[in-house]
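Engineer: Chain by chain, the residues run as shown.
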Amino acid sequence: MTALLRFDDLTLGYRRHPAVHHLSGAVREGSLTAVVGPNGAGKSTLLKAIVGTLKPLEGRIALDGIDRRDIAYLPQQAEVDRSFPIGVLDTVLLGHWRRVGVFGGIGRRRHEEALAALAAVGLAGFERRPIGALSAGQFQRVLFARMLLQDARLILLDEPFTAIDARTTADLLAVVRRWHGERRTVVAVLHDLEQVRAHFPETLLLAREPVAWGPSAEALGPANLLRARAMAEAWDDDAPACRRPPRSAA
Amino acid sequence: MTVYDALVAPFLEFAFMRRALVACLALALGCGPVGVLLVLRRMSLVGDAMSHAVLPGAAIGFLAAGLSLWAMSAGGFLAGLTVAVLAGLVSRATVQREDASFAAFYLISLAAGVLIVSLKGSNVDLMHVLFGTILAVDDAGLLLVAAIATVTLPALALLYRPLVVECFDPGFLRAVGGPGALGHLVFMVLVVLNLVGGFQALGTLMAVGLMMLPAAAARFWAERVWTLAAVAVAVAFGSGWGGLLLSYHLDLPSGPSIILVAGAVYLLSMAVGPVGSLRVRWFPGRHLEA
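Which chain is which? The protein sequence lines are W and B, in order. First residue of the first sequence: 1, per UniProt numbering; consecutive thereafter. First residue of the second sequence: 1, per UniProt numbering; consecutive thereafter.
So that you can see chain W by itself, here it is in the shape it has in the complex (with noise of 0.2 Å):
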């Protein structure tokens, strides 16, 4: 039961404004969590602040025993060129970026292991199109067997099954429950509350303010919710420093 990932105290915002406000807590290796919260609750900015594109303004993220190289993150609006003149073969061969690197050759063996990930997402003979031909529930299969070749320990979903049809859906959450079956940290930014509850054991409800973070049915129950709803989407121009003293890390 050991943590994997730990925040301490940690304030993430915008020039200055936070957009996470006073969080602290553990996610345990092999969890499986969603991040649950209304718009602006800053989901995608804990997720940022996690693969380390934005620095907290206080506070800290710990990785245990883990490097930045050992997380799959699956932005919300990745910044893929769909009209890429690229196939989707190659596309998810990049999931073996770690270990080929810049020079590395693919191999057969590399090769049959794309295949087999393109045919876990439902993809197989797929292979040889242009990632152009795709729809975007296509595309997002394809994004998944990519994650599935990069073999991370930590993977990190910013609302992957938005805009996705319910068959997409299934066969996708299928995959993140393989992930948990394999002892995978996985942590997904989700809407859907029935499926939080039916797949996702724990959640963390986010309002800026941690509202509450446990077993899915206790954290997503009514009172807090209407907590979660309550604190409304802030952003004073005017607003004081905050003075809550800061909490030495325990």
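Because the hints were derived from the structure by calculation, they are not lab data. Keep in mind that this is a model prediction, so the values were computed, not measured. We put the beta carbon where it would ideally sit given N, CA and C, even for glycine. Just to be clear, a hint being listed does not mean it is correct.
So, partial list: chain B residues that the calculated Cβ filter (under 10 Å) puts toward chain W [stated by the list, open to error]:
#1 Leu40
#2 Leu158
#3 Asp169
#4 Glu223
Chain B: place on chain W using the hints.
Structural biologist: Here is chain B on its own, set in the frame of chain W:
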């Protein structure tokens, strides 16, 4: 006039035509793939900006050593690289995007170049720097463009993977810790090198044409990065060949002839190419079963 007379004889008959053709081949080999990557990085206009940025360096080289190929090329290379690095630094250190900082620095550079040339040189010299003389390429010039192509192709091969991934999915390359910044820097060096190679043959204003037009035309023929590069090289060399013949038979200046042939190939590709062209959009054929 037979086909042989029209297409082959001028090159057999005149050494200067052969040299020009070889120079075109070397330029095509370097500029084709570089241009394709520029287009894929949505930096088509940066190529144009860089070609103008080369001017003051070439002009200073010209003032220092007269019509010396090496002095002008070295000056042009340094000026181009300075603009590329400054524009990159400004976009990283401030809120300004790279396209705006590029525009700012290349305009400063261009104005400085025109000023330097007009202070000292005559208008004939300015025309020479601006429009080049591929028909007067000598041994040193051939060596220069061949050397640039020789450096460019292996460098692109070595950096192929990070360069392609950075255009396609920059966030992923950052996340896996790929050498995105290094790749970008080396790539900008290659862009400047190839423009310097092109400018002594075609002039500063035309050099970018042999880089961008074949690359833009290739988009209508191919659907993979390496096939795009191969098509771009073929189009660039074909344009050089056709442009030289056009200038020979009709007694036209060679640089603009080559670029206009490349432009014609681009327009033709846009109209009838097999990938996403007007023909494909307007006459797609009957839809398929599945």
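Engineer: Which hints, by number, does the structure contradict?
Structural biologist: Failing hints: none at all.
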